[in-house]
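Protein chains in written order, with this note's numbering: chain A, 1 to 147; chain B, 1 to 147; chain C, 1 to 77; chain D, 1 to 77.
Please note that the accuracy of each hint is not assured.
[Unchecked claim] 27 Å max Cα-Cα, derived DSSO-like pairs, lysine-lysine: (1) Lys-63/C - Lys-53/C; (2) Lys-10/C - Lys-125/B; (3) Lys-133/A - Lys-18/D; (4) Lys-147/B - Lys-79/A; (5) Lys-111/B - Lys-133/A.
[Stated by the list, open to error] Covered stretches of chain D, as calculated for chain A (at least 3 residues, CB under 8 Å): (6) 8 to 16; (7) 63 to 72.
[What the hints assert, rightly or not] Sample of chain D residues lacking proximity to chain A, with all beta carbon distances greater than 10 Å (derived): (8) Glu-4; (9) Asp-29; (10) Lys-53.
Hints are computed from structural coordinates only; laboratory data are not their basis.
All residues carry an ideal CB built from backbone N, CA and C; glycine is no exception.
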Amino acid sequence: MTEKKIKNIFVNGAISSAFIADSIAKHSSKKEIGGHSIFLGQVRADEIEGRLVSAIDYTAYEDVALEQMHKIRAEIFEKYPLTCMHIYQSLGTIKAGEICLFVFTSSSHRKPAMHACEEVVERLKAELPIWGKEIFENGTHQWKENK
Amino acid sequence: MTEKKIKNIFVNGAISSAFIADSIAKHSSKKEIGGHSIFLGQVRADEIEGRLVSAIDYTAYEDVALEQMHKIRAEIFEKYPLTCMHIYQSLGTIKAGEICLFVFTSSSHRKPAMHACEEVVERLKAELPIWGKEIFENGTHQWKENK
Amino acid sequence: MEIEVISFGKIAELITTKKLILDFILDTDDFKKYLEETYPELNNIKYKLAVDKQIVQTNCKLKDGSVVAIMPPFSGG
Amino acid sequence: MEIEVISFGKIAELITTKKLILDFILDTDDFKKYLEETYPELNNIKYKLAVDKQIVQTNCKLKDGSVVAIMPPFSGG
Chain A
1 MTEKKIKNIF VNGAISSAFI ADSIAKHSSK KEIGGHSIFL GQVRADEIEG RLVSAIDYTA
61 YEDVALEQMH KIRAEIFEKY PLTCMHIYQS LGTIKAGEIC LFVFTSSSHR KPAMHACEEV
121 VERLKAELPI WGKEIFENGT HQWKENK
Chain B
1 MTEKKIKNIF VNGAISSAFI ADSIAKHSSK KEIGGHSIFL GQVRADEIEG RLVSAIDYTA
61 YEDVALEQMH KIRAEIFEKY PLTCMHIYQS LGTIKAGEIC LFVFTSSSHR KPAMHACEEV
121 VERLKAELPI WGKEIFENGT HQWKENK
Chain C
1 MEIEVISFGK IAELITTKKL ILDFILDTDD FKKYLEETYP ELNNIKYKLA VDKQIVQTNC
61 KLKDGSVVAI MPPFSGG
Chain D
1 MEIEVISFGK IAELITTKKL ILDFILDTDD FKKYLEETYP ELNNIKYKLA VDKQIVQTNC
61 KLKDGSVVAI MPPFSGG
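With the rest of the complex left out, here is chain A (with noise of 0.2 Å):
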């Protein structure tokens, strides 16, 4: 057995409805797939001591979120009897309004692909090295924590 390639999942900048229909689109070809489940992420205009969130701007330790996203990728494939899943996660400044996460799985019956898509986000959000700085119309800027 090879190790399989460490693959991106960064994107600069929003992810566009456009990527993501074309994403979907790419699928039809597999016809073993039955279900597909995406989770969004978009950025919040939260309203925080009377400023508002005009964008987030997110960093990553990027060598170490792409290892430790091939970890989980690993994972969630043993445990789940997927046909497939990708994953791509914004850098850069991102527009309250604009898609920031998209995670895809897919699978011949629908349960493993719904499960391990909810299993992926949750994992992103807790063990990958990512960092969004949330910044206020106002110029000033708190960093976001996940809850």
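Start from chain A and add chains B, C and D according to the hints.
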């Protein structure tokens, strides 16, 4: 309180990735949304006793299905703090590899969108009078059964 | 009593009748008994009825002109 | 011993040093003690270290030229 209008969920033919992209894009102005959960059902080219499924032909008892969905929608909105929910089920002949179901839920935080999406898919399959006829390449057919 | 019949899915291949003139049939339990005698294949199919667009949960009365739908297990999605 | 320091997120606003020449520091526990004495604000921030791109789970040795990353709680997604 006025009773909300019954929404149509049925579309004729397959659901295109462009339609899905458009639905996603429409949500960029809803800046209280933090997470979208999407489930897509894709027609599988199952092999059954040597015959390959080439398409599924969907029919429904439409009025009853829409009434049921209306009730389910109200119960899901009661149970989860969702921003929005969109459901599309294909009718007619959907070829293997094409999308026949699109469930799309959104919320401020990710968990309600994910859990509502899964619950809607389960309830739609169990409670809506819709039938899929699996058409084989050789022209024969059998009636699909949900698990 | 005249009953309008709609059937779906595999049952539509079995029951093609659109209208039934029935006497001695008062409710959905009677109707099911009639159906299963007339179409013995129905004994091997789980099915539900809907009367005037209401899915039948427990036995309910039929009236002249009722629309009865005969529905095999759902398989949408 | 020379240590290369990378810091992220809110810690990058606090610790801007890129290189540290440290004696008497043998492992990551020593290093944390040093950090928290030098930057008392770190006592109020949960953080993790990575040494040469390996996230530190338990105390581990440092060597000359090690790259130590100081990482506040992750908030991707």
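Structure-based check of each hint:
With a C-alpha separation of about 14 Å, the suggested pairing of Lys-63/C with Lys-53/C holds against the 27 Å cut-off. Pair hint Lys-10/C plus Lys-125/B holds up; C-alpha atoms about 17 Å apart against a cutoff of 27 Å. Proximity of Lys-133/A to Lys-18/D is assessed by CA-CA distance (about 21 Å); at most 27 Å being required, the pair is judged to hold. The straight-line distance between the Cα atoms of Lys-147/B and Lys-79/A is roughly 21 Å, inside the 27 Å bound, and the hint therefore holds.
Between Lys-111/B and Lys-133/A the alpha-carbon distance is near 22 Å, which keeps this suggested pair within the 27 Å criterion. Counting residues of the segment 8 to 16 of chain D whose C-beta lies closer than 8 Å to any C-beta of chain A gives 3; at least three are required, and the coverage claim holds. Counting residues of the segment 63 to 72 of chain D whose C-beta sits closer than 8 Å to any C-beta of chain A gives 3, which meets the bar of three, so the coverage hint holds. Distance to chain A confirms Glu-4/D as a non-interface residue, since its nearest Cβ pair spans about 13 Å, more than 10 Å.
At roughly 21 Å, the least C-beta separation between Asp-29/D and chain A is larger than 10 Å, which holds for a residue marked as non-interface. For Lys-53/D, the condition that its CB be more than 10 Å from all CB atoms of chain A is violated, with the nearest at approximately 5 Å.
The structure fails to meet hint 10 from the earlier list, while all remaining hints are met.
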